[in-house]
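Colleague: Model the placement of chain A on the given structure of chain L, informed by the hints.
Chains as they are written, first to last, in our numbering: chain L, 1 to 329; chain A, 330 to 599.
By construction, these hints were calculated from the structure, which means they are not laboratory data.
The calculated lysine to aspartate or glutamate pairs, modelled on EDC-like cross-linking and capped at a C-alpha distance of 16 Å, are: (1) K389(A) to D413(A); (2) K514(A) to E254(L); (3) K584(A) to E324(L); (4) K3(L) to E132(L); (5) K479(A) to E200(L); (6) K323(L) to E587(A); (7) K3(L) to E29(L); (8) K37(L) to D177(L); (9) K326(L) to E587(A); (10) K114(L) to D87(L); (11) K583(A) to E324(L); (12) K326(L) to E230(L); (13) K114(L) to D546(A); (14) K492(A) to E200(L); (15) K503(A) to D189(L); (16) K149(L) to E564(A); (17) K3(L) to E35(L); (18) K37(L) to D56(L); (19) K584(A) to E572(A); (20) K3(L) to E60(L); (21) K323(L) to E231(L); (22) K389(A) to E377(A); (23) K389(A) to E333(A); (24) K479(A) to E254(L); (25) K323(L) to E580(A); (26) K503(A) to E484(A); (27) K503(A) to E187(L); (28) K514(A) to D248(L); (29) K114(L) to E558(A); (30) K326(L) to E579(A); (31) K492(A) to E199(L); (32) K501(A) to E196(L); (33) K479(A) to E496(A); (34) K570(A) to E304(L); (35) K501(A) to E193(L); (36) K3(L) to E88(L).
So the derived label-pair ranges between C-beta atoms look like this: (37) G443(A) to G225(L): 43 to 51 Å; (38) R552(A) to S266(L): 33 to 41 Å; (39) D189(L) to R536(A): 33 to 41 Å; (40) G553(A) to Q209(L): 44 to 52 Å.
Glycine is no exception: its CB is placed at the ideal position from the N, C-alpha and C atoms.
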Amino acid sequence: MNKEVWIWAEQRQGRLLPVCFELLGKGHELCQDLEGKLAAVLVGSAVGGLCSELMDYGCEKVYLAADPRLSLYQADLYTDALSQLIDERRPEIVLWGATTTGTELSARVAARLKIGLTAHCIDLYIEDRDGEPRLVQVVPGWSGNLAVKTISRTIPQMATVKPNLMARASQRKVEGDIIPIVVEIEEKDLRAETIEIVEEEPEALPLEQAEIVVSGGWGLNALGGFASVEEIAAILGGAVAGTRPAFDRGWIPESRIIGISGKIVSPKLFISLGASGATQYTTGFARSQVILAVDQNRNAPIFEIADIGIVGDLQTILPLLIKELKGEA
Amino acid sequence: MALEIIVCIKQVPNPEDFSKISLDPVTRTITREGIPAVINPVDKNALEEGFRIRERYSGKVAVLTMGPPQARQALEEALAMGADEAFLLCDTAFAEADTLATAYSLACNIRSMGHFDLILCGKETADSGTGQVGPQLAEFLGIPCVSNVKEIAFEEDMSLVVKQALEGGYMKVKVGLPALITVNKEINQSRLVTAFGIMEAAEKEIREQCCKDVDADPHCIGRGGSPTEVLEPIELPRRKKGEIITGLPEEAVKKAVERIRELGGSDLMQ
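Same shape as in the complex, but just chain L (with noise of 0.2 Å):
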C-alpha cells in the first residue's frame, strides 16, 4: 500500500509561490504519520527546472504538466488536468495553498469530483478514527482561541492552507521521479481565457515583512477613522494593517486585511487597538514576537492573547501613547 499526499506545485511567471514549500514542510510530516510518498503536481509551460527545486525539498514524485498552453493559469484547462489527475491516482491528501488561483482551482476539482474541500486549515495532522488514519483539518472558530476539527468522507482528503501561516520546509535533498502527464487540451475547453499577467508595483512596505504592525479594528470608530493607527505607525516605522470590519468601513485596502480571510503576519511587535480579537483576526498575528493590545472591553479576548494589554477608552489612551512613543511624556 503506497499512500501519495500530494501539494499543488502553484508557480508563476515561472517561479514556485513560497506557499510551496509551507505545504511540502506539512506534506512531509503527514507523509512521515502515514508512512506514504510526498508528491507534487506542477503545471505550466517550460517548468521543468522547478522539479529538481521541489526535490531539494523532499518531493519524491513530480507529476509535470507541460504545454505553452498552460504557461498562464488558465481556469478551464487547469481544472481538468488536476480533476483527471487525482481521479486517476486517488492520492491520499492533496494541499493547495489559499492563494486567489488556488482557492478557485481547488474548489472547481472538489466540485467537479464531488469530494471534500477545507479551506483555510490552521493545523493538519493524522488521527485514528474507526482504525483508520485519517487527516483531521483545524479551522478557525469564532471567538478567543476557539477552533473546530473537520474531517473528509471522501479521498483524496483535501485541505487550503494560507500563504505564511505553516513553517517552511527544511531542505531535505531527495531523488525524485518526473512523471509527465498530458492534457488534452481542445479549443472549446477554454472558455475562460486569461490573456495576461500584471504583477503591480509592491508596496514600499510589504505587510509580510514589516518588523511593526500596527493594527485598528472597530473600536476606531469612536475616534473617526484611522489617523492615530497611522501615526503610531508612522512613529515607529510600522506598516499600518486591520481587522475586516475595518477593511468594510473603508479605513484600510483589502490587502491591509490581517486574519485568516486577510494576511498571515508574524513581526517583533504586534499593536492591536480597538479589536474584540475574533479568532479569524488574531491567527493572523498569533506568531508575533511581542503583542500589545489596547481595548476598552476587559473581557475581550484579544486579551487572552496579549502579552501587554492596556484595558480603556481609545480616545484618552491613543493620545498618550503617541505622546510616549514621541518621547514628549
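Modeller: Below, chain A without anything else, positioned relative to chain L:
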C-alpha cells in the same frame, strides 16, 4: 441586449460582533444570541455590480439566498436596494450543508429559474470565508468562473474582460456568457437603501422554494450530502498569558511601553 442576472447572497452574523460569539462551556455549542444578521458585506458589491450592468444593458436582477426563514430579511433589503425579484431556498433538509452541498443546492434553484446570462457572487463570506461556493456553483452549472474580480468590462460581442485580483497583481481574463463571477470590494461602492426603494420592495415578490420545488437529490444536500464533517470545537493552545497593565491611563501607557522594551522590542522603539 437585455441580460438576466442572478446575484447569490448570504445572511451572516454582523462581522463587527464576531468576538461576542463564544463556546458555551456546558453544551459545547456556539452561542450567537443577540447578534444581528446582515447581508454579507461583499455580496452588496455583487448586487451593485448587477444593478450597474442592468442600468447599462437593460435586463433583470434576481437575488437568491439559501437559509432559514429569517434570511427573508436579507432578501427584503436586496429588493429595497433594487433587485427585481427574490428567491429564498429554505428547507430544514438543507441545514448544515458544507460548501459542496450548498453549491449543489443553489445550482438546483438556479436551474429551476430557467435562462440566465450572468451569475454574480461576493468572493467570500465574512463568517466562514472559504471562497469556495462561487467556483463550485459554476462547476455544477457547467459554466466558466472567474473569482476575486475587481473590474468587469463588456466587449462588443457581449463577452467579458475582467481583472482577477492576485497576490501582488492581477490577471486579465476573457470569458463568454453565461459565466459566474465572484467580486471583491474594490469593484464598486454599493448603494444605500432609500425610502423609495423600501416602498417599491413592498410590491416585489419573494418566492420561497423547498427541496422538492427545485428537484434536489436528497442525498446531495444538507449535512448528509456534505463530504466534509464538522467534529467538535477545540481550544487552541494559548500563548503564555500576558498582563493587563492597570492604573491611571498615563501610568499604564508608560508602563506598557517599558514592558515592550523589556520583551525585546527595545531595538525597534528608539
